[in-house]
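We have chain V; now place chain P with the ligands onto it with these hints.
Chain order of the listed sequences is V and P. According to the numbering used here, the residues represented by the first sequence are 1 to 581, in order. According to the numbering used here, the residues represented by the second sequence are 1 to 171, in order.
Please keep in mind that the hints were generated in silico from the structure rather than gathered at the bench. You may find that some hints are simply not true.
Claimed, not checked - In the DSS-like style, the derived pairs of lysine-lysine whose C-alpha atoms are separated by at most 27 Å in a straight line are:
hint	chain 1	residue 1	chain 2	residue 2
1	P	4	V	578
2	P	100	V	181
3	V	133	V	169
4	V	133	V	4
5	V	519	V	381
6	P	81	V	312
7	P	4	V	312
8	V	572	P	4
9	V	186	P	81
10	V	181	V	203
11	V	203	V	353
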Amino acid sequence: MAEKSGADILVDTLVEQGVEVIFGYPGGAVLPIYDAIFEHPKIRHILVRHEQAATHAAEGYARATGKPGVVLVTSGPGATNAVTGITDAFMDSIPMVVITGQVPTPLIGSDAFQEADTVGITRHCCKHNYLVKDPAKLGAVMHEAFFIATHGRPGPVVVDIPKDVQVAKGNPSAEPVSSHKSYRPKTSARMEEVDAALDLIAKADAPIFYTGGGIINSGPEASASLRRIAEMTGAPVTSTLMGLGAFPATSPQWMGMLGMHGTYEANMAMNRADLVICLGARFDDRVTGRLDAFSPGSTKIHVDIDRSSINKTVAVHLPIVADVGDFLAALCARWEERALERRNLSEWWARIKGWRATECLAYPEHDELIMPQRAIENLFKATRGRNPIITTEVGQHQMWAAQHFHFDDPNKWLTSGGLGTMGYGLPAAIGAQIAFPDALVIDIAGEASIQMNIQELATATQYRLPVKIFILNNEYMGMVRQWQELTYESRYSSSYSDALPDFVKLGEAYGWTGIRIEKPDELDAGIDAMINTDGPVIVDCRVAKLANCFPMIPSGAAHTEMLLQADEVSGKMDDEAKALV
Amino acid sequence: MHIKETAPERHVLTVTVDNEAGILARIAGMFTARGYNIESLTVADVTEDHAISRITIVTNGPPHVIEQIIAQLDRLVPVHKVADLTDIGPHVQRELALVKVAGVGEHRIEALRLAEVYRASVVDATTESFIFELTGAPDKIQSFIDLMRQVGLVEVGRTGVVAIVRGKEAS
Ligand SMILES: Cc1ncc(C[n+]2csc(CCOP(=O)(O)OP(=O)(O)O)c2C)c(N)n1
Ligand SMILES: [Mg+2]
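The following block holds chain V by itself, in its conformation from the complex:
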């Protein structure tokens, strides 16, 4: 084969990998690659306005499509700006390949202009990374990067390419395809493991499925199998924040989200269950609450593709390292082969009915003020028929969206769970909208978070993306304020959103339509106007300023110590509780 430049080899591998879109921002150290993709017939480059946004846009694209997101940024500040999104993708297991430019090899280590030790900086916030020093190896490395990003537990892979390697020529077929032959994650469960799980399920009186983002990552078949096994067993299903949509919220077996801001019934059922079947979730501290009080009487099955997730915080009885989709398919098949009978769970359901009667998501209504929960509920109702893709920022609005917006399908809910990155929602919405130009994509935002990547308004304008931003503007970093009320006797240290811009005018300045909603009786009309306006729309929805997000399990409390309403809040905590995040 003829020799090619590193940049051309790189672009060839992107085409071979089926990449259609890359999100990026140019700079000196990636100019050869930018030249190689100039007016490229197959690869579309989306120019963001900040490299962090490129990574979140790639995450949004990946989460909505199931395909890996691809990012291209320059060396030094380009790479360091991308670190937050790389870490975000690492925490939430999002497949992503990040290509960073680097100073030419002879200058590495000399503190050259725009040099940063990208491989060193990203080593522990990505699944794997490479510094490629030979163009002939670039093709192999890129293919391996895609393999690693998408196999086993998905995650971001960083490929750092010095500028001279982009320019120099090499023979792309000279190197073997993979240098890490040992990396072959186990994906299917053994038959004994499947049977052992079924034995436990078949005799449980109070089972619950606790599902997570792993089901979404595994693909739509995993969601389909989850629905089947839930139907066959009749057991209740709860999910983490990351797993919403894997199981339909319209199912009577749906319990709502669990954890810190989960439903009373989901947390109580976890606490009282005799069998917890954890599928592609990781017993995160936001889910478990106080560990020694977490589901104390249950037998626990944990299925995860990442062995290190198992027994990390909670010891389980039946650990199964497998792709949760493969496992669920096998589980359904074996259930039928063994002709197992659905157990009578009516007593369990009667108890669940009791917990549901608490109506833990109820909130006080107000004549003058828009309650944020009401805004989400009405947004949900108004968009039901359109199967929207919802992204969020981070804060109270995110939790209210998780509680009051309901999903029936996977890949429709894109949120930053593990890292909790404010500024995620708008670029993620852009990434999703690029993948699905005709879909209704809404970023449910807070007035503080939206300002963290507000510059991306321009990206949506440039690519004519009809993204909608729905800001629940409470003039506070509400989640911070809520914690200050809980823990620091309402001393609102730096949590007021002062000097807010006029979001309507700001949107208009970027070529967006701006809508302001101030009164409850304007809410539905405002929502309809947003949905029915072509092109991007930013909505500044003024909501009750001091509303708090309940139910809530305070950090370090047990599932049974849930606060259901604001009047249960004392305003003080001991040091042990203060030290928890």
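Leaving out everything else, chain P with the ligands in the frame of chain V:
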């Protein structure tokens, strides 16, 4: 409020890895990033083609932390295999130390006598000093060094532990 800690166990792990740039930083950095301890870490390539390195790590932590350490190592892309020699059973641990001792008269004679007992060999000598070379299990090396402290210890260099399972099987 005070920070709580749980009782640690000492474990010797061997990690087989691709011999590539940055591998040591990847392994050692994972330990610091996740708050695990490293008592000692040694590395050298061990195959004919120099493609594979063997890292021996002595670490300590409560059992569930040791299990996590192994799982976290195992999930790194260039890691082929992790073996917990402490768990597997009988194994040989060896370390090499160079120990410099200075002194005259009684101390000098005592140092030489102790070195003989410990089968340390003299690799350098002046009228006022010795350098001893000693191999052995880490506790043997430690007790030799403790003794040398009393007779004029100047400086110590230790390699860190390498270890291998007894018997004919590979770990
Ligand atoms: C990048 C980043 N910085 C800080 C935080 C801490 N934090 C979590 S929620 C929050 C407030 C968010 O305010 P807003 O976007 O207005 O949302 P609200 O809680 O009011 O709905 C802050 C500062 C974070 N999650 N991410
Ligand atoms: Mg706010």
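- Earlier hints that do not hold, by number: 2 and 10
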